[in-house]
Structure formats: C-alpha cells, structure tokens
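Enquirer: Chains as they are written, first to last, in the numbering used here: chain U, 1 to 199; chain L, 1 to 199; chain S, 1 to 216; chain V, 1 to 216; chain X, 1 to 240.
It is worth saying that the hints were derived from the structure and are not from the lab.
Careful, some of the hints might be misleading.
Derived DEER-like restraints, expressed as beta-carbon distance ranges [claimed, not checked]:
1) L:E8 - X:A28: 54 to 64 Å
2) U:D183 - L:D104: 26 to 36 Å
3) U:D183 - L:G59: 33 to 43 Å
4) X:W119 - S:C102: 36 to 46 Å
5) L:E8 - U:D183: 50 to 60 Å
Beta carbons are placed, not taken as given, at the ideal position from N, Cα and C, and that holds for glycine.
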Amino acid sequence: MPLRLVAEDVSVARGGRLLFEGVGFVADAGDLVELRGANGSGKTSLLRAIAGFLRPRAGRIAFEGVEEPPLALHYLGHLNALKGAASVRSHLSHWLGLFGGGIDEDVALERVGLTRQAKLPARVLSQGQGRRLSLARLLIAPRPIWLLDEPAAALDVEGRAMLCRLIDAHRAEGGLVVAAVHDVLGPTPSQTLQIGATT
Amino acid sequence: MPLRLVAEDVSVARGGRLLFEGVGFVADAGDLVELRGANGSGKTSLLRAIAGFLRPRAGRIAFEGVEEPPLALHYLGHLNALKGAASVRSHLSHWLGLFGGGIDEDVALERVGLTRQAKLPARVLSQGQGRRLSLARLLIAPRPIWLLDEPAAALDVEGRAMLCRLIDAHRAEGGLVVAAVHDVLGPTPSQTLQIGATT
Amino acid sequence: MSAFAVTFRRDFALMWSGGGALAPLGYFLGATMLVPLAMGPDRALLAAAGPPLVWIAAALAVLATLERLFQADLEDGALDQMMLSPAPLEVLVFAKGAALWCAVGAPLALAGAPAAIALQAPLALVPAVVASLALGMAAFIGMGLVGAAVTASVKRGGVLIALIVLPFFAPPIIFGAAVAQGEAVTSALLILAGCALGACALGPIAAAAALRLQAE
Amino acid sequence: MSAFAVTFRRDFALMWSGGGALAPLGYFLGATMLVPLAMGPDRALLAAAGPPLVWIAAALAVLATLERLFQADLEDGALDQMMLSPAPLEVLVFAKGAALWCAVGAPLALAGAPAAIALQAPLALVPAVVASLALGMAAFIGMGLVGAAVTASVKRGGVLIALIVLPFFAPPIIFGAAVAQGEAVTSALLILAGCALGACALGPIAAAAALRLQAE
Amino acid sequence: MLSSFANPARFMGFSSWAAPALALLAVALFAIGLPWALFVSPADYQQGETVRIMYVHVPAASFSMGIYAFMGAASFIGLVWRHVLADIAARSAAPIGATYAALCLLTGSLWGAPTWGTWWEWDGRLTSMLVLFLIYLGYIGLWSSIEDEERAAKLAAILCLVGLINLPIIKFSVDWWSTLHQPASIFRAEGPAIHASMLAPLAVMAGAYAALFGALLLFNMRAAIHRRRIEAARLRAGAT
Ligand code: HEM
Ligand SMILES: Nc1ncnc2c1ncn2[C@@H]1O[C@H](COP(=O)(O)OP(=O)(O)OP(=O)(O)O)[C@@H](O)[C@H]1O
Ligand SMILES: Nc1ncnc2c1ncn2[C@@H]1O[C@H](COP(=O)(O)OP(=O)(O)OP(=O)(O)O)[C@@H](O)[C@H]1O
Ligand SMILES: [Mg+2]
Ligand SMILES: [Mg+2]
Numbered sequence: 001m002p003l004r005l006v007a008e009d010v011s012v013a014r015g016g017r018l019l020f021e022g023v024g025f026v027a028d029a030g031d032l033v034e035l036r037g038a039n040g041s042g043k044t045s046l047l048r049a050i051a052g053f054l055r056p057r058a059g060r061i062a063f064e065g066v067e068e069p070p071l072a073l074h075y076l077g078h079l080n081a082l083k084g085a086a087s088v089r090s091h092l093s094h095w096l097g098l099f100g101g102g103i104d105e106d107v108a109l110e111r112v113g114l115t116r117q118a119k120l121p122a123r124v125l126s127q128g129q130g131r132r133l134s135l136a137r138l139l140i141a142p143r144p145i146w147l148l149d150e151p152a153a154a155l156d157v158e159g160r161a162m163l164c165r166l167i168d169a170h171r172a173e174g175g176l177v178v179a180a181v182h183d184v185l186g187p188t189p190s191q192t193l194q195i196g197a198t199t
Numbered sequence: 001m002p003l004r005l006v007a008e009d010v011s012v013a014r015g016g017r018l019l020f021e022g023v024g025f026v027a028d029a030g031d032l033v034e035l036r037g038a039n040g041s042g043k044t045s046l047l048r049a050i051a052g053f054l055r056p057r058a059g060r061i062a063f064e065g066v067e068e069p070p071l072a073l074h075y076l077g078h079l080n081a082l083k084g085a086a087s088v089r090s091h092l093s094h095w096l097g098l099f100g101g102g103i104d105e106d107v108a109l110e111r112v113g114l115t116r117q118a119k120l121p122a123r124v125l126s127q128g129q130g131r132r133l134s135l136a137r138l139l140i141a142p143r144p145i146w147l148l149d150e151p152a153a154a155l156d157v158e159g160r161a162m163l164c165r166l167i168d169a170h171r172a173e174g175g176l177v178v179a180a181v182h183d184v185l186g187p188t189p190s191q192t193l194q195i196g197a198t199t
Numbered sequence: 001m002s003a004f005a006v007t008f009r010r011d012f013a014l015m016w017s018g019g020g021a022l023a024p025l026g027y028f029l030g031a032t033m034l035v036p037l038a039m040g041p042d043r044a045l046l047a048a049a050g051p052p053l054v055w056i057a058a059a060l061a062v063l064a065t066l067e068r069l070f071q072a073d074l075e076d077g078a079l080d081q082m083m084l085s086p087a088p089l090e091v092l093v094f095a096k097g098a099a100l101w102c103a104v105g106a107p108l109a110l111a112g113a114p115a116a117i118a119l120q121a122p123l124a125l126v127p128a129v130v131a132s133l134a135l136g137m138a139a140f141i142g143m144g145l146v147g148a149a150v151t152a153s154v155k156r157g158g159v160l161i162a163l164i165v166l167p168f169f170a171p172p173i174i175f176g177a178a179v180a181q182g183e184a185v186t187s188a189l190l191i192l193a194g195c196a197l198g199a200c201a202l203g204p205i206a207a208a209a210a211l212r213l214q215a216e
Numbered sequence: 001m002s003a004f005a006v007t008f009r010r011d012f013a014l015m016w017s018g019g020g021a022l023a024p025l026g027y028f029l030g031a032t033m034l035v036p037l038a039m040g041p042d043r044a045l046l047a048a049a050g051p052p053l054v055w056i057a058a059a060l061a062v063l064a065t066l067e068r069l070f071q072a073d074l075e076d077g078a079l080d081q082m083m084l085s086p087a088p089l090e091v092l093v094f095a096k097g098a099a100l101w102c103a104v105g106a107p108l109a110l111a112g113a114p115a116a117i118a119l120q121a122p123l124a125l126v127p128a129v130v131a132s133l134a135l136g137m138a139a140f141i142g143m144g145l146v147g148a149a150v151t152a153s154v155k156r157g158g159v160l161i162a163l164i165v166l167p168f169f170a171p172p173i174i175f176g177a178a179v180a181q182g183e184a185v186t187s188a189l190l191i192l193a194g195c196a197l198g199a200c201a202l203g204p205i206a207a208a209a210a211l212r213l214q215a216e
Numbered sequence: 001m002l003s004s005f006a007n008p009a010r011f012m013g014f015s016s017w018a019a020p021a022l023a024l025l026a027v028a029l030f031a032i033g034l035p036w037a038l039f040v041s042p043a044d045y046q047q048g049e050t051v052r053i054m055y056v057h058v059p060a061a062s063f064s065m066g067i068y069a070f071m072g073a074a075s076f077i078g079l080v081w082r083h084v085l086a087d088i089a090a091r092s093a094a095p096i097g098a099t100y101a102a103l104c105l106l107t108g109s110l111w112g113a114p115t116w117g118t119w120w121e122w123d124g125r126l127t128s129m130l131v132l133f134l135i136y137l138g139y140i141g142l143w144s145s146i147e148d149e150e151r152a153a154k155l156a157a158i159l160c161l162v163g164l165i166n167l168p169i170i171k172f173s174v175d176w177w178s179t180l181h182q183p184a185s186i187f188r189a190e191g192p193a194i195h196a197s198m199l200a201p202l203a204v205m206a207g208a209y210a211a212l213f214g215a216l217l218l219f220n221m222r223a224a225i226h227r228r229r230i231e232a233a234r235l236r237a238g239a240t
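Model the full structure from these sequences, guided by the hints.
Expert: Structure below.
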C-alpha cells in the first residue's frame, strides 16, 4: 500500500474546550500540508493528535502503507528537546540510538550547518542554532512522515533556505510533511488547511 | 537632553570567544534599529549587553536624556517570562507593580488580543498567545527604549500587524526601538545593523 | 502595589496554590513518620532521640523547596525582568524569601507541634519548639537563598544546593535541637534569633550578587 | 547502540558530570551529620538511634534526585521524542532508573559505610548495611519512578513527590533499619531483595503509563 | 606583590621555576621533619608514642583553615578587582585545602581512638572541622558543575566569602563548648604551652606543609591556565 495519511472529521478539545471540529485531509507521498490559523486556533494540538500524543475527541486519524507511529513519524514541536549539558554531537548519537540508525552524524551536522559547533554543549547554542540541531533529528533516522510545528522559527535567511531544501528532498524521496506555519514556508504546499477559520 | 542611545565600538564575548567587535550605532527618539545577522552571530548578546545583563568586553553603551537602565528600557527576549500557574491577568498586575504603573491592565490585554484569555492560567496558552502576553509587558509601563529579540516569533498574521502598530505608536510617541529580526518586521527601520558580517 | 509587594504576592500564591504548602508539610510529617519506623517501637529511645529529629525533618523540608526558587525564574526569563525593575534586586530577593517563609516556613513551624508530640516531646516544651522552628526557618531560608542563587543555573541542582547549604544549617540545628530537648531554652532562642537576623540581612545581598552573575 | 543503551548513557552522563554523584553523596553525608548534631553528644543514645537514621538519610537523598527526573524531559520536549522511539516507553523509563541507580544509588550505598560508622554502628555490620542499602536504593528508585512520573507536570513538585513516595518507602526502611540494628539480617536482606525486584519490575510500567498521560 | 603576578604570562614565567623549587623545599623539609617527628622527638609522658600523630595532625588542621582564609582573600580580590589569576588561585587551592582537612579528620580520629577511646565524637571542634570539609566539597562541587569558567569563578567566590563565617566558629569552638578537644596550646597570648623539643619538629613540619601547599597551588594554577587556553582555542575554532 502506498504511503498515505488520512484525517477524517477530527475534533480536538483541550481542557474541556472544543478547539475545532470536522477537520479532515488526505495526504499522499510527496505532499506538503500546510496548517494555518490564528494563534490558539489549534495547529499544535492537531499535530500532537496526529503524532498520537493526545487523543482527538472525535474523528479518525489513520496511516496507510507504514507501520503505526511511533515508527513512521518525526515530530518537531515548539520545544527543541535539547539537554544543555550534553554536546551537540552527543545529541545526534542519542537520537541515532533512540530512533534506530540512519545517516551518519557528521553528515547530518553538516547539512544543518552545525559542523563547527559539534563539540559545544547545547546550552551555549543561540536560539537559531538550537533549532537547527533539532532539525538534524529529522535527518538522523529516515521516517516517512514529518510533523513540523513552525519549523522556520528562529532560523536565519540561510537557515530557511536550508529548511526548504530538506523538505523538498524529503518530498522527492516519497516522504510526507505536515507543517504548521504563519508566514510563507518556501516549498509550494500541495494543500493548505485553515484551522478554526469559522470562529 | 533629548533621548539618545549610543553604542560605540562595542565588542562582546561569550564563554571566552569574541562574537563581534567594533559595533556602533546612534539611535534617537523615533528610531527603529534593526539588528540582522546569521544564527549565532550575536544579536541576542548585543541586546543583552545594551540591557546591562552582560558586560561588553570593550566599548561604550550610553543613554542620553533618560535615567540609566533599568528604568529606561524594556527587554523582550526569546523567553516570555511567564509563570504557568498564574493567570494571564495576574501577569499584568505583577508587571504593573514590578515596573511601576502605566496603562490599565484591560486596555493592555485588549491591545494584544488576549481579552478572552484573561482568566486562563498562562500554562494553557498557545505559543503565539504566550508571546502576545509578553508583548503586553511593553504597554503596561511606558519606557522610552524597547529592546526586542525576534518580537514576531510565533505571532500569526494578525499578530504581526498588531506588533507593527505597537512599534509605530511607540516611535510616534518619541520612543526608540532596537529589534533583532530575521525577516521583514513591517515598520521601516531607520537603520539596519549587520552583526558579524565580516566573518 | 510596590515591586516588593507584587513579588511577595506572586511567589506566595505560586507556592500556596497547587498544594504548595501542603506538600512541604507532608514531607515534614512523612519524614517524622519514618523516624519511629526506622527506630523501632522503643518508647524511651524515641523520647530521647525523637524531638531533635523534628529539626532535621524541618531543615530537609525547607531545603526541598529551595531548589527551584531562582532556577525557575532564570529558565523562564523572569529574572531578566526582575533586574529591570526600579526596585533593587536585593529587595525582590528578600520578598521571595519572605514569601517562602510565610507559605512554607510558618506552616512548618506550626506543624512542629504535632510532630514534636508524636515524637514524644514533653507538652510543656511545645510552644518553645514552635517558636524556635519559626526562627530557625527564617535562618534556614536566609542562608538557603545564597545556595539557591549560586546553583540556579545548575540542572538537577537540588542535591548540589543541599551540599552547599546543609553545612551552614548546622548552628541553627544545634541550638534548635537544644530547645527541643529542653536545655537552656531562652539563650538558645536568643542565639537562633541572632542567626535568623544575620541570615536574613546578609543572605539577600549575597544572593542578589550571585543572581546578577547568572543573568549573563 | 540500542535505545535502552543511549538512554542509560545520556542519563548517567548528565547525572555524573558536573559533580552529579558527588552532590547526593554530600547530601547524604550532610544529613547523617545533622543527626548527631541535633541529638547531642550522648554516645549511648546515638548508638541506639543512629544506624537506622542512615536509612532515612539515604531515602531522602535519593528522593532529592528524583524530582527533576521526568520533569526536565517534559519541559524540554525530550519526553515527546521518547514516545516516538520504537523501544517501549517502559524500557526507556527502566533505563533512566538504572542510570540513576548506577550514578547515585550505588555511590550512596558505598557511602553508607562511613556514615554507619560515624553513627556508631558495629563494624561487623557494615558490609550488610552496604548490601542492604544497595538493594534498598533499587527499591526506592523503582517506587520513586512512579512518583516522579505522576508529579512531572507540577512545578516545584519536589515536595509533592516526597509526600507521594515516602509512604511507599516505609517497608524497605523498616527492614533496612533492622539490618542496620543487626536484627535478623539474612531474612531482612531477602525481603529487601524482594522489594527491589518488585519495584523495579512494576515501577517502570506504572511510570510509563503516567508519562503517556503527561504528554497530552 | 600580588599585582606583579596578576599578569598570567608573567605568572607562568615566575611559576615555571618557583613551583619545582617549592616542591623541592617541601621534599627536603619532609625529609628532615618526618624522621625527626616520628623517631627522634620525645614521646609524651601521658600519651606515649601516639603523640607523634600531632606532627601530622596539627599542621593539617591549621593549614586547612589557613587555606580557606587564603581562598577567601583570593575570592575577594577576584570579585572586586576582577583578577583572573585570583579566581584561578582560589579554585586551585580548594582541593589542597580539602585534602588537608580530610587529613586532619583522619589523623584526628586515629589519634582519638587510643586517647579518647573513640574514633569520632560530635564535639564542637570536630564537627566544625567536618563542616569546613563539607564546605570545601560544596565549593568544589559548585565549581565543577558550572561549565562557564568565568561565571563559576564569581559564584564560587560569593560562596567562599559566605563560608568564611565558619572559620571563627572552628577556631573558638573549643572555648565555646568545653568538650573533648584540647584548646589552643601553641598560638596563644601567653606563649606556647608545649616543650621546645616538640615545638621544633612541629615547626619544621609546618614549614613542609606550607611549602607543599605552595608547590601544589602553583602546579594546579599552571594546569588551570593551560586548560583555559585550550578551551579558548577550542571555542575560537567553533566560531560560526
Ligand atoms: C577527628 C578528630 C579531630 C579533629 C577534627 C581535630 C581538629 C583540630 C583542629 C581544627 C585544630 C586547630 C588547629 C589550629 O587552631 O590551628 C586542632 C589542633 C590540635 N589537635 Fe585536634 N582534632 C581531632 C582530634 C584530636 C585528638 C584525638 C587529639 C589529641 C588527643 C588532638 C590534639 C590536637 C592538638 C594538640 C592540637 C593543637 C592545639 C593548638 O595548639 O591549637 N586532636 N585539631
Ligand atoms: N555561555 C556561552 N559560552 C560560549 N558561547 C556562548 C555562550 N552563550 C552564547 N554563546 C555563543 O554566542 C553566539 C551568539 O549567541 P546569540 O544568542 O547572541 O546569537 P544570535 O545572533 O542571537 O543568534 P540567533 O539568531 O540564533 O538567535 C552563539 O554562537 C553561541 O554559541
Ligand atoms: N491544557 C489545556 N487546557 C485548556 N486549554 C488549553 C490547554 N492546552 C491548550 N489549550 C488551548 O488550546 C488552544 C490551542 O492551542 P494550540 O497550541 O494548539 O494553538 P496553535 O494553533 O498551535 O497556536 P499558536 O499559533 O499560537 O502556536 C489555545 O487557545 C490554548 O489556550
Ligand atoms: Mg502552536
Ligand atoms: Mg538570538
């Protein structure tokens, strides 16, 4: 079965309040689904529901052509999952072990532009450098589905170009990306989903 | 003496490494100075040096026509300074006390678009709502100098427009803004400073 | 409201809400409960060894609340804002210490009464024990502020702060335990008051100096 | 390396580096030092009441390290990533517990030797005390994982976790203190081993279930 | 005098010969003092041979307190005048002071076993010495858990200054709590109360401890400066 992510009539509630209902989309290999919406409309909540972290109040989220998560997806949230005392390189070897092998650590570092910071503790990274390190996680273990929450946050101009290249390459290899964004991400989305537009 | 912020030949080092040297600018009332530069070039460090949190290795940072900081400036960093358990409104009354009075809490909340969230604990705010709350701090106590580190981070389209209005109004009232940015902020800057361009 | 008042109010509210004051109390009572468990049912032994242990439990309970006192402010950026307040950082640090005393220290001192009774202290001594605990808590908190400030940037600093602060807790504990054992109560109380005064006067100054460095 | 191995390695390294293991040791020794301070110089009293208190100090020392165990992972997003690993969350939680035992528990058990001697335990008992502490640490950590997991989202949860976990610490403390007092050493050691086994088997399962809820 | 060493380069020059010289002096003084103290000097009429522990114990006790005072002074200079070398000196002295304190505790308990009939007693002086040892540990622990050297130096300096309060407590503990440990017999207003045949070897041993401290301090400081240079070079290499 080919890769496909289906969301049908999904409603998500947080703290007893319904955020949105009836959201649905179908994404195939090579697709980029952009989630848009005002602050607090529920983009992050939808991504977390897809990742399986929170249970939607109604609706169905299904994966075709892959193992169920956790094996099929990467989640890049607002938080970078970095440990200040650990070095940049040790983060990569940690993720390599956690997710099961993929490309070499040095290659990943080079692609996100952190080669020279490899030995620094994550604590001293600047905001954008931290984001880049978190992006390297996507490369370390190849997984077909990427869930990206404002991936361009804190990246400089060159970093955004790098992110575009990563996403394009992932799509070209048959991957699938769902990204919550506010401004223009770069790669042309195959569809744009407006969250909470009705209110 | 009219309001003026002077930075002369400033060098900043972090952890023993020189980030940049010889940076200088003069900003007067109504000015918007944009700091640009790659990730890790030292924008945040420069802002923190101006705020007085870290001591520059060399150079002079001087304020004319105002009391020295802390009384003259607001610092909006990467971190929002929110306490998860405290309510949105209680943050405003806290800052009101901490910085000494200014406008009413409800007016500030309305201007950043959080009126409906006033009673929620900050913990449940979305990323962008948290940023808006942090922006409300700028309004609570009037201070002539605003130091903004990627102020538009996590804001939606409408939020960015709101931010532009705030900055324009502040400049019109004779304020002065120094902002680190990656993409277009909105208001026309009176000058753009490239940090770490030489390397 | 003044910067002092809002800082006090926020810290007090944050500690009090979410079972804040209940929890150190539980820790305190839990720890005093463990003592007879570990020591066995020998009444005479308990009566001799028990009351001073109230002090140890109290010291450890307040220690447990110190760890995140400044660390949280450092991590979420609130410390930057404290430094931009017109009020001196020393005053704000003092406000945080005062809030800690009110939200945790004073309830602990009151809880000292049932704990001391449970550990077989003579009833007549109980008021003195409570008073000495109240003073001792102030001394602990004054000293603890310094430990909390210098370890604020250390992740999992909770144990480091214990290592740093516990040696300084020794004098109040010695005199406090003397009160619990009914020895030289008045002079011990006076010495405790001296410790408390000194710690509350110097602690915030040293702590504020350390916090300024943490903000770099 | 496997997900278990990298989780163990990272946690061990984070705890060990930065004086990590030194600090709980200092806490432990500091706390055992407070006991005689509070109790006064009465030798006979100390010999009777002291050795079991080694256990209380050890329990409180390991408790102090538990607080931030999952809280840090929750706050920085690392918990999300753990849930996306092909390895079951239970296994990763077990790895974190094992790292804690190696970095803190085992050194604490060894430090039990000088502490027991300082608190006047007979020398012949010291090896049994160390062995019992090693087992007891495993039991404490197994149980502590659950407490740490359910309080992970509570700020300043350190005292709350104490409240939740200390009651469960009672059985190992009772039997461990028996060892320190030289009563029924072999059977007490066997019971401690049973506690440790049970806690290490069930603790990670319950903790992982709690953590899944925290991720919402 | 201190300001002439304040320049790290000059310090490296000076210490490159001073450190080995002090080390040699320490070896020589120990070579004279140890045999003298352990074999030649008279046994005590009350304590017999065990009195010889004194020659190890007393200088270790005095110097562990002296080293802390030295660290306090260095911390003060580092905080107020921002001398890098003062920070390094304070940090480098700490492990030596901690070792001396441990030595004092160890020899004290070894001595206590025959004379007081116990290894350890919770009396004022012993306890406050243990507190000093723990303060040393805390200081070292703080240093090693903050990676940013500059910040670690300043924070540790604040802690060190606060810990100075403990020194008078140790010194006067014997007078405040009249307990087991004997009060001052050497450094007191009326002059030393022990016999010259013991005082002389004690003085040699004290000199040996002092020289050893000086040598170890300089070696440690040199190592710390080298480490800093390597670290700085590494960070420079990590530039964006
Ligand atoms: C662990 C146990 C002990 C500790 C921690 C300890 C600690 C100290 C300290 C802090 C000093 C003060 C040094 C100074 O003022 O410069 C000292 C001095 C001294 N100690 Fe001990 N001591 C211990 C056991 C003993 C024992 C068992 C004896 C002999 C019976 C002893 C005999 C002395 C003497 C003779 C001095 C020199 C007193 C003076 O002239 O100031 N100590 N010790
Ligand atoms: N404590 C420290 N020790 C060593 N290096 C540090 C320390 N803190 C920051 N740095 C380094 O300083 C550099 C500048 O950091 P800064 O946060 O000022 O950059 P920035 O321009 O704001 O970047 P960004 O756009 O990513 O926010 C980074 O390369 C970072 O690695
Ligand atoms: N635990 C909770 N209890 C109650 N409400 C919550 C909780 N968590 C989140 N919310 C609410 O859910 C809404 C959606 O949050 P979410 O983070 O999904 O928004 P978002 O679309 O990602 O916004 P942003 O663009 O600002 O990141 C917010 O209004 C928030 O207040
Ligand atoms: Mg979001
Ligand atoms: Mg920045």
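Enquirer: Now, for every hint given, state plainly whether the structure supports it.
Expert: Hint by hint, here is what the structure shows:
no., hint, in the structure
1, L:E8 - X:A28: 54 to 64 Å, "holds (57 Å)"
2, U:D183 - L:D104: 26 to 36 Å, "holds (32 Å)"
3, U:D183 - L:G59: 33 to 43 Å, "holds (35 Å)"
4, X:W119 - S:C102: 36 to 46 Å, "holds (44 Å)"
5, L:E8 - U:D183: 50 to 60 Å, "violated (35 Å)"
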